[in-house]
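Given these sequences and hints, build the entire structure.
Per numbering that gives the first Met the number 0, numbering through the sequence shown is continuous, rising by one, with the last residue being 95.
These are calculated hints, taken from the structure and not from any lab test.
Incorrect hints may appear among the rest.
Claimed, not checked - Result set (DMTMM-like, lysine to aspartate or glutamate): computed pairs, CA atoms no more than 25 angstroms apart in a straight line:
1) 54 - 36
2) 22 - 48
3) 22 - 39
4) 49 - 14
5) 22 - 42
6) 22 - 72
7) 54 - 85
8) 91 - 48
9) 49 - 86
Please read these numbers as outputs of a predicted model, since none were measured by experiment.
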Amino acid sequence: MTSPVFDRIVEIIAENSDVAPEKMTPDAHVINDLGIDSLDFLDIVFAIDKEFDIKVPVEAWTQEVNAGKAPAEQYFLLGNLASRIEELVAAKPAGA
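See below:
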């Protein structure tokens, strides 16, 4: 079972990469499994920011992973990424 946010993220990734939507499962790692390079991933994050009117803290996430404070899977598996996006959307101030 996926969420509308997950489904929209799949669409955004498909629009900004050569990855077929069928390959995008909640357990797929954006970079390792889908082969999305870091430049394409930044384009995808920008599109997600624009679509949901949020700011994805991808730099902070990357720093946490690189510092060993969080596993890459926490942010970069599609299902977890969708959950983080849902949290960011829910945390937006009303009327923002």
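Each hint, compared with the structure:
| no. | hint | verdict |
| --- | --- | --- |
| 1 | 54 - 36 | 20 angstroms, holds |
| 2 | 22 - 48 | 23 angstroms, holds |
| 3 | 22 - 39 | 17 angstroms, holds |
| 4 | 49 - 14 | 14 angstroms, holds |
| 5 | 22 - 42 | 19 angstroms, holds |
| 6 | 22 - 72 | 17 angstroms, holds |
| 7 | 54 - 85 | 12 angstroms, holds |
| 8 | 91 - 48 | 12 angstroms, holds |
| 9 | 49 - 86 | 16 angstroms, holds |
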